[in-house]
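Q: Protein sequences, first through last, are from chains A and B.
Per numbering that gives the first Met the number 0, the very first residue in the first sequence carries number 0; after that it's consecutive.
Per numbering that gives the first Met the number 0, the very first residue in the second sequence carries number 0; after that it's consecutive.
These are computed hints drawn from the structure, not numbers from a lab.
Take the hints with a grain of salt, since some may be wrong.
Restricting the straight-line Cα-Cα distance to at most 27 Å, the calculated cross-link-like pairs of lysine-lysine (BS3-like) are [said to hold, decoys possible]: (1) B:Lys110 to A:Lys107; (2) A:Lys107 to B:Lys25; (3) B:Lys244 to B:Lys283; (4) A:Lys107 to B:Lys105; (5) B:Lys110 to B:Lys179; (6) B:Lys175 to B:Lys25; (7) B:Lys110 to B:Lys175.
Partial selection, computed: residues in chain B whose CB lies under 10 Å from chain A [stated by the list, open to error]: (8) Glu51; (9) Leu65; (10) Gly76; (11) Val84; (12) Arg102.
Stretches of chain A that chain B covers, calculated by requiring three or more beta carbons in the stretch to come under 8 Å of a beta carbon on chain B [what the hints assert, rightly or not]: (13) 10-21; (14) 95-101.
Remember, predicted model here, so these are calculated numbers, not experimental data.
Beta carbons: idealized from backbone N, C-alpha and C, even for Gly.
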Amino acid sequence: MRRIAVALWNPIVAKEYRSRMRTWRSPVAMTVYILLLGGLGWAIFSAMSASTHSAFNQGQAASFGQGLFIYLVLFQMVLLAFITPALTAGAISSERERQTIDLLFVTKLPSFSILWGKLLASMSFVLLLLLLSVPIFSLVFFFGGIELDQLAAAFLVTAVAALTLGIIGLACSTAFNRTLPATVAAYGGAFILLAGSLLFGLLFPTDIDPNATNAPAPPAVSYLSPVLPLVTIGTNAPVTWYGVRNSQGYGTSASCASPAYGPTTCVPLGPNGVPIGKGGLIRNPPQPSGTTIPSGLFSGWQYWQASVTMQLLVSLAALVLSALLLPPIRRLPWRKSPVSA
Amino acid sequence: MIAVEGLTKVYGRRTALDHASFEVPKGEIFGFVGPNGAGKTTTLRILAALLEPTSGRAFVDGADVLQHPNLVHERLGYMPDFFGVYDQLTAVEYLDFYAACYRQPKARRQKIADDLLELVGLSDRRDQSVDTLSRGLKQRLCLARALVHDPAVLLLDEPASGLDPRARVEMREILKELQKMGKTIVISSHILPELTELCTMVGIIDQGRIRATGPVQDVIRQLTIGRRLRISVVGQREEAIAVLKPLPSIREAGMVNGAIEAAFEGDEATAASILQTLIAAGIKVSGFNQLDGGLEDAFLKATSENVG
Numbered sequence: 000m001r002r003i004a005v006a007l008w009n010p011i012v013a014k015e016y017r018s019r020m021r022t023w024r025s026p027v028a029m030t031v032y033i034l035l036l037g038g039l040g041w042a043i044f045s046a047m048s049a050s051t052h053s054a055f056n057q058g059q060a061a062s063f064g065q066g067l068f069i070y071l072v073l074f075q076m077v078l079l080a081f082i083t084p085a086l087t088a089g090a091i092s093s094e095r096e097r098q099t100i101d102l103l104f105v106t107k108l109p110s111f112s113i114l115w116g117k118l119l120a121s122m123s124f125v126l127l128l129l130l131l132s133v134p135i136f137s138l139v140f141f142f143g144g145i146e147l148d149q150l151a152a153a154f155l156v157t158a159v160a161a162l163t164l165g166i167i168g169l170a171c172s173t174a175f176n177r178t179l180p181a182t183v184a185a186y187g188g189a190f191i192l193l194a195g196s197l198l199f200g201l202l203f204p205t206d207i208d209p210n211a212t213n214a215p216a217p218p219a220v221s222y223l224s225p226v227l228p229l230v231t232i233g234t235n236a237p238v239t240w241y242g243v244r245n246s247q248g249y250g251t252s253a254s255c256a257s258p259a260y261g262p263t264t265c266v267p268l269g270p271n272g273v274p275i276g277k278g279g280l281i282r283n284p285p286q287p288s289g290t291t292i293p294s295g296l297f298s299g300w301q302y303w304q305a306s307v308t309m310q311l312l313v314s315l316a317a318l319v320l321s322a323l324l325l326p327p328i329r330r331l332p333w334r335k336s337p338v339s340a
Numbered sequence: 000m001i002a003v004e005g006l007t008k009v010y011g012r013r014t015a016l017d018h019a020s021f022e023v024p025k026g027e028i029f030g031f032v033g034p035n036g037a038g039k040t041t042t043l044r045i046l047a048a049l050l051e052p053t054s055g056r057a058f059v060d061g062a063d064v065l066q067h068p069n070l071v072h073e074r075l076g077y078m079p080d081f082f083g084v085y086d087q088l089t090a091v092e093y094l095d096f097y098a099a100c101y102r103q104p105k106a107r108r109q110k111i112a113d114d115l116l117e118l119v120g121l122s123d124r125r126d127q128s129v130d131t132l133s134r135g136l137k138q139r140l141c142l143a144r145a146l147v148h149d150p151a152v153l154l155l156d157e158p159a160s161g162l163d164p165r166a167r168v169e170m171r172e173i174l175k176e177l178q179k180m181g182k183t184i185v186i187s188s189h190i191l192p193e194l195t196e197l198c199t200m201v202g203i204i205d206q207g208r209i210r211a212t213g214p215v216q217d218v219i220r221q222l223t224i225g226r227r228l229r230i231s232v233v234g235q236r237e238e239a240i241a242v243l244k245p246l247p248s249i250r251e252a253g254m255v256n257g258a259i260e261a262a263f264e265g266d267e268a269t270a271a272s273i274l275q276t277l278i279a280a281g282i283k284v285s286g287f288n289q290l291d292g293g294l295e296d297a298f299l300k301a302t303s304e305n306v307g
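If we strip away everything but chain A, and leave its shape as in the complex, we get (with noise of 0.2 Å):
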C-alpha cells in the first residue's frame, strides 16, 4: 500500500506544484478561464431572454436549459483542448532544454515516476479548472431540462477527454527533444481526437442497411471525440443527425405495410411518388431510440461510456509509448544487450 502511495505521489508532483502556483500565470489562467466560461453563460443567457419577449414557460426553461448546458459544455471542452496539451507538452522536452533531466534520470526515481509525476501535476490544475467552473453550471439548475446524473457524466467526458489530451501531450513531449515540435504535434493531436474524429463520421458514415434488425450507429472511430457523448448527454435524444449515411432513401418517403405478423416492409418512392429502386418490398430500417448506440461493437453502451473507454485505451497507448521512449537507456524488447569487449 505504502509502495502505491509512494508511486502515485512523488517528489515530481510537490515541485512542480510549488513551481507552477509560484508564478503569476497559473492565477491569470484560472481567472481568465473563469472569465471566458462565465461570460459565454451570460452572452448566451443574453440571447435567450432577447429572443424571449415574456416569461419563460417551463419547457422553454428547459430547452434554455438544455442549450445553455451544452454551449457550455462544448465550450469548456474547447478550453481545455487549448490548455492541456500547453501544460503537459513542455513536461519531458523543457527538461531536456533545460539539461535537468539526467539530474533527474540518476535518481532513485523510475522513468515512470517521472512521467506520472508531471502527468499528475498538469492534470491536477485542469481538475482545479473543472471544479473552478462548477458554480457556472449550477446555473444551468436554475432554468431545468439538465438532471445532476447528467452534468455529472458530462464532467467525467470532460475530464476524461483532457486526460487524453495530457497524456498525448506528455508522450510528444517525451517523443521530441524540443518543446515546440512537441507542442505542434500535442495540438495535432488534440485536433484529431477532437474534430478528426469527428469529421470521420462525416467523410464515412455508416450506411443503412435495410436488413439490419437495429438501427444504424454512427462509426466507432467517431466516438473517440467528446463531442458526440457530451451533446447526447445535454439532449438526452437518440442520434439521427451524424454519421449515418441514408444513400438509397429508406425510410425518407415510402410506401410501407404492416401486416399483422411480421416486420413492417416498405418501398422508397421517388420525388413524384413513384416506387424507386429494383421493386419489391424492402424492410424499413428501423430507427435509433433512446440514447444508447444501437449498433456495432458499442451496441448497448451510452455514447459517453463507449467515448470514455476509447480514450482511455488511447490514454494506455501514449502512456506506455511514452515509459518505452522515456529512459536514457531504452530497454525495448526488439533491442539487443551490447556485447562485452
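Dock chain B against chain A, hints included.
A: Below, chain B alone, put in the same frame as chain A:
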C-alpha cells in the same frame, strides 16, 4: 571501486570511445584528462548509466551499469558538465527535492540540505532562488545535490569550468574535504595543474583511447622522456656545465634564465649522483631542484602523437 573494460561507443561513423579500460580503486581521486571531444563525457555518462555503450562493460562499486542501473544510481553522485536549475525553488528546496528523489526520509532531508549547504559554503544562500545564483554558486549547489544520498562515488564532469580562480580554489578545497570523507572521485578537467595537486590517479584520453593511466607521478614519469634539473651555482657556471655535459645520464645542459638547466634520464638516485659529481668537482652548488614538467607535459606528450 570503478572498473571500465573495453568500453566502446560509436555514434554513426564516429567512434567516441575506443576500447577504453581503466580502474579506480576506492578512495582515490581520478583525474580524467583529454582534449575536447576525446571521450571524457561519454565515459562519465556511461558510468552514470545515462548512455548505452556499443560494447564493453563498466562497473561502479561492483554494480554493472547496464544490468543494475538502479544500484549504480544509489552508489554514485553525478555532476554533468552542463546543467540547469529549476526556477521558483530556493537552494534548500532544491536540495530537499533531490533528497526526496533519492528517497531520503522526510525527517532527515532538512538536516541533509543544511549540512550540504554548509559543506559547499552556501548556508547564507539557503533561501535564495537557485536561478539567481551565480555560475560558481550553482556549481557548488550541483555538487551538494550530487551528495544528497551520501554516495560512495562521485563523477564530476568539468566541475571547475567557467569558475573564476577563487571559486576554483574553493571547489578544490571542497573536493579535498570529500576525499577525506572517503569518497572515490572521478573528475574530468582541462585545468591540469590543479589536477596534479588534487588527484592521486590520472587517466589521459585522446580520440576515444586511453593513452595512459595510473598514479599521477607514474604517468608523468612514464610519459615525460627525461627529467629536468635546475641548478644554481655560485659563479663557476661554465665549469659546472663542463662537468655536467660529459656525464652519460645528461642529455643536454645549458643556461636558462640565469640558472643551469640540465635534462637527464634516470631516477632519484641518478639526480643525487649528478649532485655528488658537481660537489666533487668543486662546484659551489647553491640550489638543486628537479623541474616537474608535470601533468601538462605528460598530457602534451600523450596527445601530441595524434596531432596533425
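Q: Please go over all the hints and tell whether each is borne out by the structure.
A: Hint check:
1. B:Lys110 to A:Lys107: Satisfied, since the Cα-Cα distance of roughly 20 Å is no more than 27 Å.
2. A:Lys107 to B:Lys25: holds (23 Å)
3. B:Lys244 to B:Lys283: Holds, at roughly 17 Å.
4. A:Lys107 to B:Lys105: holds (15 Å)
5. B:Lys110 to B:Lys179: holds (21 Å)
6. B:Lys175 to B:Lys25: Holds, because 15 Å separates the two Cα atoms, which is no more than 27 Å.
7. B:Lys110 to B:Lys175: holds (22 Å)
8. Glu51: Result: holds, 5 Å to nearest chain A Cβ.
9. Leu65: holds (7 Å)
10. Gly76: holds (8 Å)
11. Val84: Check passed: Cβ of Val84 (chain B) comes within 7 Å of chain A, closer than 10 Å.
12. Arg102: holds (5 Å)
13. 10-21: holds (count 7)
14. 95-101: holds (count 4)
Going through the hint list in order, the structure satisfies each hint without exception.
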